[in-house]
Amino acid sequence: MESTIVKSVDYNAYFGDNRVVKNVNIEIPRNTVIAVMGPSGCGKTTFLRGINRMHELIPNATAKGKILLNNEDVMEMHPIFVRLKIGMVFQRPNPFPNLSIYDNVIAGYKLNGIKLPKAEKDKIVEESLTKVALWKEVKDSLTKKGSFLSGGQQQRLCIARAVAMAPEVLLFDEPTSALDPISTSTVEELFHELKKNYTLIIVTHNMQQAARVSDRTAFFYMGELVEYDETKRMFTNPRDKRTQNYITGRFS
Amino acid sequence: MAETVQMEDQVKYQTVAPAKSLSYASRVKRSYRQIKVESAFKVALVSMGIFMVVLVFGIFLTLVIGSSQSIKTFGISFLWGKKWDAVNDVYGAWPFLAGTLLTSFLALFISIPFSIAVAIFLGEYFPKGWFSELLKNTIELIAAVPSVIYGLWGFLVLVPFVRTIEIKLGIQQQQGWGIFTASLILAVMIIPYAASLGRSVIQMVPSALKEAAYSLGATRWEVIKNVVIPYTKSGLFAGILLSLGRALGETMAVTMLIGNSNDIPKSIFATGNTMASAIALFFGEANDIRRSSLIELGLVLFVITMIINMLGKRVIKRFTN
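Line by line, the protein sequences are chains A and B.
Quick note on numbering: my numbering labels position 197 of the first sequence as 216, and the sequence is numbered without any gaps.
Quick note on numbering: my numbering labels position 139 of the second sequence as 164, and the sequence is numbered without any gaps.
Treat the hints as calculated values from the structure; they're not laboratory data.
Which bits of chain A does chain B cover? Going by a derived footprint, with three or more residues having C-beta under 8 Å, they are:
#1 73–87
#2 94–107
#3 123–131
#4 175–182
To give an idea of the chain A side of the interface with chain B (calculated C-beta under 10 Å), a few residues:
#5 112
#6 113
#7 117
#8 118
All residues carry an ideal CB built from backbone N, CA and C; glycine is no exception.
Start from the sequences and build out the full structure, keeping to the hints where you can.
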């Protein structure tokens with residue numbers, strides 16, 4: 020039996036008076052890959068950023084409703100703890116330019132002022148980089164700055180940075196849209212590996228990507244969750260007219 | 026509404042139409058005139074630019090020529106000559122150089138926490154809102170107030186205040202003015218320079234980096250400490266250098282509060298003089314070697330502030346690249 024890890028109940032997100040996410044109810048099973056897709060401005064990224072309370076960092080942005088992580092409402096928790104349990108990877112690779120590859124991986128510990136013994140740090144760095152298939156490529160240049168890596172490597176470094184904090188859920192905001200096709204496929208392969216240990220929620224513009232990597236797909240349109248189903252089923256037999264139109268490319 | 030649109034259309038039409046109707050010959054003539062205007066404009070711009078450069082070099086040259094008598098008499102040891110003795114005509118810059126450096130660095134030391142705090146507040150913490158707007162305008166106003174006003178305020182408020190401190194500390198001369206009082210007023214006056222540059226470099230920190238840190242569970246303080254400050258430190262340093270350049274040259278407010286003695290200051294509560302205030306005070310009545318020595322003071326001040334400013338500019342340039 021799959022157990023639910025993230026569940027949203029009547030979640031609404033606002034920029035000022037503008038409601039951009041409308042009454043979203045969704046249940047996300049543990050150790051799955053969920054693709055969130057929809058046209059630009061449909062609220063998919065806002066919803067994603069709501070899950071780890073990043074949405075509220077923007078001035079005037081507010082949210083209502085519940086987001087449950089293991090049946091605990093993240094809206095009631097301190098955002099700091101939420102973000103330790105729910106990691107995030109962004110659209111553009113954003114390693115800290117003044118830190119080495121090594122320090123980038125353990126940046127979360129450094130930022131939170133957690134002091135670890137050297138041996139443990141080494142272990143976290145090696146494990147995290149191995150999980151994102153980057154260890155072999157960078158193990159001899161850990162002291163180099165993260166910005167020396169290629170775009171695809173940088174993005175995997177950012178995933179390693181999130182993984183190092185041992186979160187339960189990983190959020191990806193269009194993680195491959197700034198990458199070339201080869202780097203994209205490396206990152207996509209990673210998703211299959213990562214879902215063994217984490218639950219992945221991936222916002223994507225790219226329908227083929229959603230079809231390739233996800234177990235379930237959520238389709239957002241105009242701030243509403245229109246359809247949420249197993250990916251295969253949604254792409255072969257969408258229930259909603261709007262989903263069908265989107266998938267067949269009638270609007271984008 | 027429809028009428029105005031129509032009128033706009035007409036206006037557009039009229040501006041386009043006559044140009045079209047010009048004959049080829051008149052168009053050539055017109056262009057020829059425009060080329061002439063263009064080159065005259067260019068000449069005017071370039072000559073004004075050259076004039077400014079020549080002017081600054083001229084100021085420098087005037088200082089060098091004016092101080093030649095002093096340079097010949099005292100040589101390089103003028104810089105560390107310990108006495109400014111008008112009776113025996115022996116002049117050394119050290120009392121004023123020491124006064125200048127002491128007041129400037131003390132002022133810098135006092136002002137840094139305030140200017141960095143203001144920069145972080147306006148650049149990162151609360152960039153918008155009525156209070157931020159008020160604070161920003163107030164800080165800008167600090168730079169706009171004439172320095173004689175600060176001198177007056179310092180005389181009326183700071184001098185009695187420092188005197189009370191001196192009495193409490195049991196210092197011998199309790200006159201209330203001196204190096205410390207001058208540094209306090211200088212500290213206020215130089216805050217805007219470091220604060221406004223600091224604010225703009227802090228606003229340049231990419232939000233992607235800040236979001237990365239937030240997503241890893243960092244608090245705002247941790248983001249500021251570990252992302253914003255390391256990213257902007259050279260810019261913040263440049264702002265502090267510009268503040269220093271301003272402090273070194275400030276004349277009026279310092280002259281009114283520093284106590285004006287020609288001795289090397291023995292403590293921060295002692296009286297003294299800066300180079301700028303010495304020049305302002307003594308120049309009117311000075312002639313010959315004394316006058317030349319004062320001009321050399323000016324030359325020293327000119328060179329120091331120039332170096333500090335160039336250094337600051339270089340750091341900013343490196344930051345913005």
